[in-house]
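Participant: As they're listed, the protein sequences go chains A and B. Start counting the first sequence at 1; every next residue gets the next number (our numbering). Start counting the second sequence at 1001; every next residue gets the next number (our numbering).
What the hints contain is simulated information worked out from the structure, not anything from laboratory work. Hints are not guaranteed to be accurate.
[Stated by the list, open to error] Dumping the calculated DSS-like pairs for lysine-lysine here, alpha-carbon to alpha-carbon at most 25 angstroms:
1) A/Lys282 - A/Lys240
2) B/Lys1245 - A/Lys203
3) B/Lys1415 - A/Lys83
4) A/Lys329 - A/Lys42
5) B/Lys1757 - B/Lys1582
6) A/Lys38 - A/Lys24
7) A/Lys83 - A/Lys196
8) A/Lys42 - A/Lys161
9) A/Lys161 - A/Lys203
10) A/Lys38 - A/Lys56
11) A/Lys49 - A/Lys83
12) A/Lys196 - B/Lys1048
13) A/Lys203 - B/Lys1033
14) B/Lys1475 - B/Lys1775
15) B/Lys1475 - A/Lys196
16) B/Lys1825 - B/Lys1775
17) B/Lys1775 - A/Lys203
18) B/Lys1048 - B/Lys1582
[What the hints assert, rightly or not] The calculated label-pair distances, taken between Cβ atoms and stated as ranges, are:
19) B/Leu1017 - A/Asp237: 49 to 55 angstroms
20) A/Glu50 - B/Lys1008: 14 to 20 angstroms
21) A/Phe76 - B/Ser1083: 29 to 35 angstroms
22) A/Gly134 - B/Arg1838: 44 to 50 angstroms
23) B/Glu1176 - A/Gly297: 16 to 22 angstroms
All C-beta atoms, glycine included, are put in the ideal place defined by N, C-alpha and C.
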Amino acid sequence: MPLYEPVLCKRIPTPPWGEISDRKLVTYQQYVETGGYKSLDKALQMQPKEVVDIVKAAELRGRGGAGFPAGVKWSFLPPEDGKPRYLAINADESEPGTFKDRMLIDFDPHIVIEGIAICMHACRLDTSYFFLRGEYHHQREVMEHAIREAYDHRIFGPGSKLGKINDRWPQLYLHRGAGAYICGEETGLLEALEGKRGWPRIKPPFPAVAGAFGRPTIINNVETLACVTPIIEHGADWFKSMGVPPPAGSAPGTPASFGPKLYGVSGHVNRPGVYEDELGVKLSDLIEGLCCGIRGGRKFKAAIPGGISMGVLSADEYEAVLDFDVGRKHNCLGLGTAGVIVMDEGTDMVAVARNIARFFAHESCGQCTHCREGTNWMYRMLTRIETGEGTTRDLDLLLELSGSMGMMPGNNICGLSDGANWAIRTIVNKFFDEFETRVTRERGVSLAVVS
Amino acid sequence: MIQQNTSKSVMVVIDGLPVEVPSDATILSAIRKLNKDVPTLCYSDRMKPYGACRTCLVEHVGRRPVAACHTPVQAGQSYRTRSPLLSRLRRNITELIVSDHPLECLDCTANGRCDLQQLAQEVGLRTPRYENPRTHNPPRDDSHPFIKLEMAKCIGCAKCVRACDQVQGSFILGMEGRGYDTRVIAGNDTGFEEANCVSCGQCVVECPVAALEEPGTRAFGLPDTTVTTTCSYCGVGCSLNVNVKDGRVVNIVPNPQGSANLGHACVKGRFAHQFVHSEDRLTSPLIRRTGGSFREAPWDEALALIAEQFTTIRDKHGPEAFAAISSSRCTNEENYLMQKFTRVVMGTNSIDNCSRVCHSPSAFALGAALGTGAGTNSFQDVHQSDVLMIVGANPTEAHPVFGSRIKQAVLAGAKLIVLDPRNTELARLADIHLPLRPGSNVAVVNAMQHVLINENLINQEFIDRFSEGYDQIKKELASCTPEWASEISGVNPDQIRQATRLYASGNAAQILWGLGVTEAGHGSNTVFGLINMGVMTGNFGRPGTGTNPIRGQNNVQGASDVGALPNVFSDYRPVTDEQARKDHLQIWGVNPPANKGLRIPDMFNAIHEGTLKSMYILAEDVAQSDPNTTHVVGALEGLEFLVVQEIFMNPTAEHAHVILPGTTFLEKDGTFVNSDRRIQRVRRAIELLSGTMVDGDITNAIARRMGVDLHADNGPGTPINPTKIMDEIAKVSPMWAGVSYQRLEEHGYLQWPCTSKDHPGTEIVHRNGRFLRGKARLTPTPWQEPGELPDDEYPMMLTTGRQLFHYNVGTMTRRTAVSQLTRGKEETLRIHPADAQRMHVAHGGLVDVISRRGKVRVRVEVTKATNPGTVFMTFHFPESRTNLLISGAADEYTGCPEYKVCAVRLEPVMAAACSRE
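With the hints as extra help, turn the sequences into a complete structure.
Facilitator: Here it is as structure tokens:
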């Protein structure tokens, strides 16, 4: 069931409700005239705890990739102690194929800023850092302007309508990344925010307990915070009227996929772009409906559901339902950021795998052994295979390696190598023939390590 | 890093075995509590868990595997350390590391003790299956004399980087690049020296492979024995493991179990040991020919001559014609023997040691005001202080291991107040730095006391219950306003107020001081003032509080503790005290002399006056290290008979009639006492150098030849027995009564007071306001000017001190590769840029430094580490003869000289004169 009216794209003309060419920046004035900052005023009438409860009741799951319930995350915070508590907004949108947050920042920054303010009120956070991807130069200008507008209209700063939080006037700072993928990992982001190398931290302690500068910190994605605004405006039930409920008969508390979602589609489609729909749109509907079909009328071969770390869906999974459950049903990591990359029948999957491996090898931070060495070996072996110099031995080793690295086998501090391993493993497994025909047979594969 | 665990304990199950651990313990500590282990590459006890190598994976039964090193236990959960899954994962990890590691084990200094090699063995890995050639092959960095970096072997565990940050606190090393190309760099990839590396070598200690190595092992191979002993440089008392092969020292590494150093060491303790095997060690007694030159002589002849001369002088001129200087570099047992020799054989109390010229004011004032002549708290207390006040000390250079701990405490959030005329590393780190003029300590400390009283920052209850003399000091301090002190010291009065408030704000505030207090004029009064501050705010007897001197030499505490002082026996019992004399008569069988003996400066005066005829100097280069060199040398020349016991020829020995070759700390057994009253064992690591004798044996032999048995050996002709001597020390020293070699072996150390065999030793003295003196004494500290002030003719203040890479007059360190380091090469006069410009002296140029006593020529280093109006020199370089300049002014109570306060003027040496040099 497609979305009846746009939620996050309310002020951003988006097909089928509007034309992309009509998009322009929504200023503070225009935002307020179209009902903006009403949610904040409403939230400020409520006790902070009530706001958290509404978000919890809406079962809003994080839009940054992991899908962790935002309200639950908010409730992990320890009681206030009068010292600073932080909100870090993760706008380090570096996952290849992902550009949904960019659209929100580009055209409607105040829907995000309103969400930030509501979150600060609800969680009693006095200072926010908007961690923006280093390469987003234009977005920096937009964001700086929007933040200035928010200060001018007493959303933040002395005299803020939020009042003092932890005995401090609320502040929102823009912090720019320096171009490292790993700084989008929440604790890598915190390290970078503190001015250090963006090395993810070991957990526990989790950021809600000891995050930025050792203080309780909430880290939320841009789109997640943008969703908070309409949730407060229309309520949890309204939010849950969209999306996919948990399967009938599942245990209470089973996370579902409620609400609207921005899908950023790129690749071999006729009209790539960011579209809004309910969670649970079918891959085929997304491609053929909103994206006007595959480029040049060619056949669908594969799609990455949400940023390259999620792995791949093959032609057999063309009807896959894109909700948070997609991973479990279709043997990939998950919905991720819903940055869908579509590939047509002419795509060389070996080259795709090699390119993905190159990305992860380049972006590995270098802390954990498996990721530092493993991503590099993946890239080198895939390069060999692509150029026809690979052997069956490389292929076996590649599968074994990718099957044993990541947070799942406990090998890593963060999820970067999970992404690498799921991407490579699913591509090789789902398109094994393509790989097999590219390698020469070599007997005597060492059985030193039995996987 | 060092936190007291107050959490409750929980039960977990490891491999089926239940174990009880604190609820915040890691799985690894639970495993180790069961004496089991899992492999680790990036974990170190001394640092925060890092969790990156992932070889310590364990199975959380029913869940995914987790890294044991950083994951906290969960109550009631089971963990498995071995399973087929874990074997596979560990093997994969090992294989990946080895895939980028040179397989050149035979050519590697870590061969046989390499963590990676051992892990590969454990998981059964041979050749890795990843079969491209290694692509990382950067060249070795051999630029540093002690720390060699070979990045090709690096396994990316970042232990070195973390050691530099979390143990040393220098933040020199870092990681550069990402992913597979991550590598270790020093500074901005400039190499170690240019990055201001302090050469502590901790990165080498921590490196699990040989990516970082030191030169010793490459030259000699693996050691055949390892001996644990105590460092003989500063007063921190680092426990060291000396690795020996074929009778030579291969290398020295910090003892991971060392209680004072916690597995850390500094450039001197760790690398400056080659002097032991130096070519110019004295190896035969030398007797002065009538013409003044020396001839080698057999031991028999030398000892016979000494015995005869000492006897003659004693019998002819009386006991007061003899004096001895003992050595704080030697063991407690040797010092005890030396004072016993002086008192029993020679019949005089004229024995002193070099604490006279360093911390005698500290020992005196602490003893007089509180009842014990030593610091009140222990090193580990700095981690429990919320405010630290450091006065006249530069521990990051002079006591580097303790300096690092102070830095770590400050980085962890402790507030820091520094009183120092120099802009030291800690001053730069301080919350408040009071850059006072040299010699103005008493004024500033008085003003701080004034502020305490005036702003009612005092703990009245503590004062009333546990101290005496408050009313009097209150009256005397009334006029000591910060404005008054500002006139004298040049410090902003508001800063004095702020510093005082900060000190008083601490729940546990500790004062630490160094020679900048005791050698800066009226040292005893400054110490009294600091003690007053502690008493008035109730900062005593609890963890993280107290007043603590940071002592300069390895055993300067011990030498004084065991009685190498002219006014007291061991344990600071006055020679005039009847009970003490009775006790000594009982043990020694001789009635010790009752009149106080001569202090070191008095000795030189007595020679000039003609009353002192003969001296016995043990390992103390007075001609270089004592102030007013001309006066001292003149005195030595006037002696009828001078015996000097040394390991190297030096300016003092040049005036001797007999020179006896002694031994280094690596060649003897005994004990040292460090700054925090920690008695630790010194153990012989290498055999005696042929021709030398252990210092204690020499003293004992002289006594035997003079017909006296000091009860130090097992019979005539046998070497001294340190165990027996320690037992005697315990008998005559109530605060050492519980000390014995057996207990030291068992515990590793004991901190005195240790009053009985079952007393555990004392970390914190004066607990619960129970001062050993009874009530703490608040002592008035009237302001007096230092012995010397600048005037028109001598407008600059010279202050002297140590630098990191050398020790005292450089006897030891300058015979080692430390001298190859850029900052260890030569003496410099450090001067502020503004002064340099005003005086027309240039960086790197030569300058004549002229005081009222003399003139020395030295190279100039322009630096903001020194404040305007003050210049700084070390005394490590005998050729620059810094002490020639120093005045004879001294502390009124203890005679401690004013090394830190000397008026000078500077005269630039013209380029033409330079070239003639």
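Participant: Compare the structure with each hint and give your call.
Facilitator: Each hint tested on the structure:
1. For the suggested pair A/Lys282 and A/Lys240, the alpha carbons sit about 19 angstroms apart, so the restraint of at most 25 angstroms is met.
2. Taking the CA atoms of B/Lys1245 and A/Lys203, the gap is about 45 angstroms. The hint is violated against a cut of 25 angstroms.
3. The straight-line distance between the Cα atoms of B/Lys1415 and A/Lys83 is roughly 18 angstroms, inside the 25 angstroms bound, and the hint therefore holds.
4. Restraint check for A/Lys329 and A/Lys42: the C-alpha separation of about 39 angstroms exceeds 25 angstroms, so the hint is violated.
5. Of the pairs offered as hints, the one joining B/Lys1757 and B/Lys1582 holds, with about 23 angstroms between alpha carbons and a cut-off of 25 angstroms not exceeded.
6. Taking the CA atoms of A/Lys38 and A/Lys24, the gap is near 22 angstroms; set against the 25 angstroms cutoff, the hint holds.
7. Straight-line distance between C-alpha atoms of A/Lys83 and A/Lys196 comes to about 23 angstroms, which keeps the hinted pair within the 25 angstroms bound.
8. Between A/Lys42 and A/Lys161 the CA atoms are separated by roughly 12 angstroms; this keeps the pair inside 25 angstroms, and the hint holds.
9. For the suggested pair A/Lys161 and A/Lys203, the alpha carbons sit about 36 angstroms apart, so the restraint of at most 25 angstroms is broken.
10. For the given pair, A/Lys38 sits about 20 angstroms from A/Lys56 by alpha-carbon distance, which is consistent with the 25 angstroms threshold.
11. Using a Cα cut-off of 25 angstroms, the hinted pair A/Lys49 and A/Lys83 holds, with the two alpha carbons roughly 19 angstroms apart.
12. About 17 angstroms separates the Cα atoms of A/Lys196 and B/Lys1048, which keeps this hinted pair within 25 angstroms; it holds.
13. This hinted pair checks out: A/Lys203 and B/Lys1033 have alpha carbons roughly 23 angstroms apart, not beyond 25 angstroms.
14. Distance restraint check for B/Lys1475 and B/Lys1775: the Cα-Cα separation of roughly 20 angstroms lies within the 25 angstroms cut-off, and the hinted pair is therefore satisfied.
15. Restraint check for B/Lys1475 and A/Lys196: not satisfied, since their Cα atoms lie roughly 53 angstroms apart, outside the 25 angstroms limit.
16. With a C-alpha separation of about 50 angstroms, the suggested pair B/Lys1825 and B/Lys1775 falls outside the 25 angstroms cut-off, and the hint is violated.
17. Only pairs whose Cα atoms come within 25 angstroms are accepted, and B/Lys1775 paired with A/Lys203 is rejected, the gap being roughly 51 angstroms.
18. Taking the CA atoms of B/Lys1048 and B/Lys1582, the gap is near 55 angstroms; set against the 25 angstroms cutoff, the hint is violated.
19. Under the hint 49 to 55 angstroms, the C-beta atoms of B/Leu1017 and A/Asp237, about 52 angstroms apart, fit the expected range.
20. Between A/Glu50 and B/Lys1008 the CB atoms are about 35 angstroms apart, so this pair departs from the stated range of 14 to 20 angstroms.
21. A C-beta distance of roughly 32 angstroms is found between A/Phe76 and B/Ser1083, which places it inside the suggested range of 29 to 35 angstroms.
22. Between A/Gly134 and B/Arg1838 the beta carbons are some 48 angstroms apart, a value that agrees with the proposed interval 44 to 50 angstroms.
23. One distance hint, 16 to 22 angstroms for the beta-carbon pair B/Glu1176 and A/Gly297, is violated here, with the actual separation near 50 angstroms.
In this structure, the earlier hints numbered 2, 4, 9, 15, 16, 17, 18, 20, 23 are contradicted, and the remaining ones agree with it.
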